[in-house]
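Student: Go ahead and model the full structure; you've got the sequences and the hints to work with.
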Amino acid sequence: MNIQCASLSCLMKWSKKNWEIPVFTILALAPWFHPALAGGLGGQITSVLIICIAALGLNVMVGFTGLLHLGIASFFGLGGLFLAILTVPMNPLEIGFLPAVFVSVSVTAAIGTLLGSPTLRLRGEYLAIVTLGFGEVVRVLFLNLENVTGGTQGLGPIPPPGSGIFVTGIDLGREFVVDSRWFYYLSLIVLFVVVLLVRVLEKSTLGRAWIAVREEPLAAATIGISATKVRLSAFTIAAGIAGLAGCLSVASIGTTGDPNAFGFNRSVAILCAVIIGGLGSISGTLVGVTILFGFDIVVIPWVDSWMQRIQEQVFDVSFFTLGSWRLALVGIALIVVMRFRPVGLIPSRRFAAELQESQQ
Amino acid sequence: MTHGENMKASDGPVLSADIPLLSIDRLTVQSGGIPLIDELELDVSAGTSVAIIDSGRGSKAALLDAICGLRPAFSGSVRLDGRRLKQAFSVKTFWGVLFTGILVGLLCAAAAVDIDRLWLAVVKRGLVVDEPFTPATFGRRLRSYFRAELAVDRLAGNWRIVTADGREVLAVRRDLSEAQELRNQMQAAVTARRTGPGVVPDITDLVGDANEPQRELLLDETTLDRLAAGKRRIRFRGWSAFICGLFLGIGMSLAIWQRGRRSPEVAARAGVARTFRSPRNFPAMTVFENILVAVEQGVYRKSSSWWPHVNKANCIERTEDLIRSVGLIDQSFSFASNLTRYEQRCLEIARGLAMDPRILLVDEPADGMNTQQQHAMADLLKEVCKGALTLVVTSAGSDPFALICDRTVHLSPN
Numbered sequence: 001m002n003i004q005c006a007s008l009s010c011l012m013k014w015s016k017k018n019w020e021i022p023v024f025t026i027l028a029l030a031p032w033f034h035p036a037l038a039g040g041l042g043g044q045i046t047s048v049l050i051i052c053i054a055a056l057g058l059n060v061m062v063g064f065t066g067l068l069h070l071g072i073a074s075f076f077g078l079g080g081l082f083l084a085i086l087t088v089p090m091n092p093l094e095i096g097f098l099p100a101v102f103v104s105v106s107v108t109a110a111i112g113t114l115l116g117s118p119t120l121r122l123r124g125e126y127l128a129i130v131t132l133g134f135g136e137v138v139r140v141l142f143l144n145l146e147n148v149t150g151g152t153q154g155l156g157p158i159p160p161p162g163s164g165i166f167v168t169g170i171d172l173g174r175e176f177v178v179d180s181r182w183f184y185y186l187s188l189i190v191l192f193v194v195v196l197l198v199r200v201l202e203k204s205t206l207g208r209a210w211i212a213v214r215e216e217p218l219a220a221a222t223i224g225i226s227a228t229k230v231r232l233s234a235f236t237i238a239a240g241i242a243g244l245a246g247c248l249s250v251a252s253i254g255t256t257g258d259p260n261a262f263g264f265n266r267s268v269a270i271l272c273a274v275i276i277g278g279l280g281s282i283s284g285t286l287v288g289v290t291i292l293f294g295f296d297i298v299v300i301p302w303v304d305s306w307m308q309r310i311q312e313q314v315f316d317v318s319f320f321t322l323g324s325w326r327l328a329l330v331g332i333a334l335i336v337v338m339r340f341r342p343v344g345l346i347p348s349r350r351f352a353a354e355l356q357e358s359q360q
Numbered sequence: 001m002t003h004g005e006n007m008k009a010s011d012g013p014v015l016s017a018d019i020p021l022l023s024i025d026r027l028t029v030q031s032g033g034i035p036l037i038d039e040l041e042l043d044v045s046a047g048t049s050v051a052i053i054d055s056g057r058g059s060k061a062a063l064l065d066a067i068c069g070l071r072p073a074f075s076g077s078v079r080l081d082g083r084r085l086k087q088a089f090s091v092k093t094f095w096g097v098l099f100t101g102i103l104v105g106l107l108c109a110a111a112a113v114d115i116d117r118l119w120l121a122v123v124k125r126g127l128v129v130d131e132p133f134t135p136a137t138f139g140r141r142l143r144s145y146f147r148a149e150l151a152v153d154r155l156a157g158n159w160r161i162v163t164a165d166g167r168e169v170l171a172v173r174r175d176l177s178e179a180q181e182l183r184n185q186m187q188a189a190v191t192a193r194r195t196g197p198g199v200v201p202d203i204t205d206l207v208g209d210a211n212e213p214q215r216e217l218l219l220d221e222t223t224l225d226r227l228a229a230g231k232r233r234i235r236f237r238g239w240s241a242f243i244c245g246l247f248l249g250i251g252m253s254l255a256i257w258q259r260g261r262r263s264p265e266v267a268a269r270a271g272v273a274r275t276f277r278s279p280r281n282f283p284a285m286t287v288f289e290n291i292l293v294a295v296e297q298g299v300y301r302k303s304s305s306w307w308p309h310v311n312k313a314n315c316i317e318r319t320e321d322l323i324r325s326v327g328l329i330d331q332s333f334s335f336a337s338n339l340t341r342y343e344q345r346c347l348e349i350a351r352g353l354a355m356d357p358r359i360l361l362v363d364e365p366a367d368g369m370n371t372q373q374q375h376a377m378a379d380l381l382k383e384v385c386k387g388a389l390t391l392v393v394t395s396a397g398s399d400p401f402a403l404i405c406d407r408t409v410h411l412s413p414n
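Quick note, the sequences are listed as chains Y and L, same order.
For the first sequence, the numbering used here assigns the number 1 to the initial residue and increments by one for each residue that follows.
For the second sequence, the numbering used here assigns the number 1 to the initial residue and increments by one for each residue that follows.
Calculated from the structure, these hints are not laboratory results.
Note that the Cβ used here is the ideal one computed from N, Cα and C, for glycine as well.
Don't take every hint at face value.
Said to hold, decoys possible - Here are the simulated lysine-lysine pairs, PhoX-like style, with alpha carbons at most 20 Å apart: (1) Y:K229 x L:K302; (2) L:K86 x L:K312; (3) Y:K203 x L:K312; (4) Y:K229 x L:K382.
Stated by the list, open to error - Partner residues aside, some chain L positions facing chain Y, computed with beta carbon under 7 Å: (5) R79; (6) L120; (7) A284.
What the hints assert, rightly or not - Label-pair ranges, simulated between beta-carbon atoms: (8) Y:A333 x L:R237: 18 to 24 Å; (9) Y:R341 x L:T340: 26 to 32 Å; (10) L:K92 x Y:L206: 51 to 57 Å; (11) L:S177 x Y:W302: 56 to 62 Å; (12) Y:I335 x L:S325: 45 to 51 Å; (13) Y:P157 x L:K86: 55 to 61 Å; (14) L:A188 x Y:G40: 55 to 61 Å; (15) L:E41 x Y:L197: 52 to 58 Å.
Tutor: What follows is the structure, encoded as structure tokens:
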């Protein structure tokens, strides 16, 4: 009995430290136990996973480096746009999926660097305004450069990854379109890699410099850390990761879609998810996105279809949908979390320490 | 304001006699027009320690701020080893500025020549007429856009002869070869018009079809002049925007570079470490991480390569040594925010030492400590410096720090 208890607590401790392994194992095995993941539900969960990737990018900037970024969705959109430009059959380039992802992530990161280099000397609130403005500029450019971006219709159709590659006579591209488990696994693998990357970065020299600059910029400067360069690296990495998420997103939808989806609302929603989950905490970010976007993308359509059926059976009309109340519900959730758990659902140990200090 | 200098004990080791390690030359620092430091001259030899004594508070901090670049000097200079603590204009800066300028210029030019229509002319039109997309055809279409040449476009099964940016439709034909022939004829007329009076071609027929109301083709003298002027117009727009952007980019990046020239990180990389009167640590990092981050930056500072190799084990070992030397080894893994003020000061000194500086500036170590702690701190400073490190300490005069220094300097208003 005692040995069992000890081994259980040991397992708990291990899984608390290496939570990725059980979580990603469960997610990887899920399609076997839940066949509905091959259909629409799989696509919905895939889009939550993709937003998790973008939120991790944002977390690098907001959580680790302490810079408010209100335009992450524009980098998300830019990554998707470059992928679309490079792959759609309308355009003559039509390079393969992997090189296109590589190019679009690098170009998005370069745009992040370009935007950051003159503006990162600004203090927090001004930087927030610059990123907000940039997000709007990108959205308006998307709408107006019709020949390049396709305007309101977006660019498409984007060939799925692996189209034209035949494995034992099966076209991989067709498999991607038919079965949404392919995109599910692709997003899961990318998310896993990004989680590991962010984790390694957090514990690296650069990660410590990020936190030093966030905590006390003056002291960081006196030990020779150039705040601008360190912040610029965070901005670049955030832009690159968001661009990667954008690539996956447009590839899974098949078109860049309406540019208004990359506007301010999306940016703020991702930021809210990061804050609810816990600034500076990787697991917290994933939980925050799962709750906020999982609720928005997966739960609400399901509950609504169910409620509509009941209402039509009982009253013959459908008069109430949860979907029309979703923003209010998100707002209430945010208020409740901020009131009772200001450091987020799964706070990082650093932020917990800071809060403890301010309460003392 | 003058300064009195009082040689107390000058038997400290003098390593380089001719050039002092730190030399301050006629330094004036002002705050809101009031001089805090007026024409100060101070030389500190390597390996010696100096106590700067002043009963007021502003001047001492202002002096340390001016040395480490936190506060701009009104006049005068601060030199470390004969070199000013300013970033030099290097080759890297030059290329960075030039690259930024060209990039901003290209962006401006892209906006000025209308990138949307450029894309239409260069990429989309090639697809319409089924031209292979090779670098040669790409270059040809790019050139023809900037020469404002006429082009052939498709709309609803008809071929239109349009201007390069696709704004103006000049003629419509049902057949592609017929349209191309007409386009060549018109292009010849426009090119001839550019160099001389040219001939107004005899192309008058009805254009249009079921989709478009029929209208008469107008290729008269005014249209020809307008088309001929297109080349000059687009080139002028592109070049003027590029040059404006180039200067804007170069100016902006130079301004940014100039502002960052004299900054604490530049001084720190030259080897100036400092501590603050009220200790500034990284509260949400452990004591260990507080030191480790500085040790790593010290390694980066020393290595000249672009991507320096950091030996992790060495860094950790050095960090532990430093923590032990200031006596915080028991608290290595507690957050810096949980330390007492004395321990925070110790931590700050250890962090200053961690980057392996040439000179350590300690701002009022006596502040907020009792006598016992002051003595302990003085012993600690004496211990860590041990003659090898140059030390500048400020104090209010009534604490043991003046005693451990080789000499004292009074910054006193007379």
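Student: Would you mind marking each hint as holding or not holding in the structure?
Tutor: Hint-by-hint comparison with the structure:
Under the criterion of a C-alpha separation no larger than 20 Å, the hint pairing K229 of chain Y with K302 of chain L is consistent with the structure, at around 18 Å. For the proposed pair K86 of chain L and K312 of chain L, the alpha carbon gap of about 31 Å is over 20 Å, so the pair is violated. Of the pairs offered as hints, the one joining K203 of chain Y and K312 of chain L holds, with about 12 Å between alpha carbons and a cut-off of 20 Å not exceeded. For the proposed pair K229 of chain Y and K382 of chain L, the alpha carbon gap of about 35 Å is over 20 Å, so the pair is violated.
Taken as an interface hint, R79 of chain L does not check out: its beta carbon lies about 19 Å from the nearest beta carbon of chain Y, beyond 7 Å. Hint status for L120 of chain L: holds, given a least beta-carbon distance of 4 Å to chain Y, under 7 Å. Against a cut-off of 7 Å between C-beta atoms, the interface hint on A284 of chain L holds, since the closest Cβ of chain Y lies about 4 Å away. Between A333 of chain Y and R237 of chain L the CB atoms are about 52 Å apart, so this pair departs from the stated range of 18 to 24 Å.
About 30 Å separates the C-beta atoms of R341 of chain Y and T340 of chain L, a value consistent with the hinted range of 26 to 32 Å. The hinted window of 51 to 57 Å between K92 of chain L and L206 of chain Y is violated, with their beta carbons roughly 20 Å apart. At about 59 Å, the CB distance of S177 of chain L to W302 of chain Y agrees with the hint of 56 to 62 Å. For I335 of chain Y paired with S325 of chain L, a C-beta distance near 50 Å keeps the hint of 45 to 51 Å intact.
Taking 55 to 61 Å as the suggested C-beta distance range, the pair P157 of chain Y and K86 of chain L conforms, at roughly 57 Å. A beta carbon spacing of about 60 Å between A188 of chain L and G40 of chain Y agrees with the range 55 to 61 Å that was offered as a hint. The supplied range of 52 to 58 Å is met by E41 of chain L and L197 of chain Y, whose beta-carbon atoms lie about 53 Å from each other.
When the structure is compared with the earlier hints, violations turn up for hints 2, 4, 5, 8, 10 and for no others.
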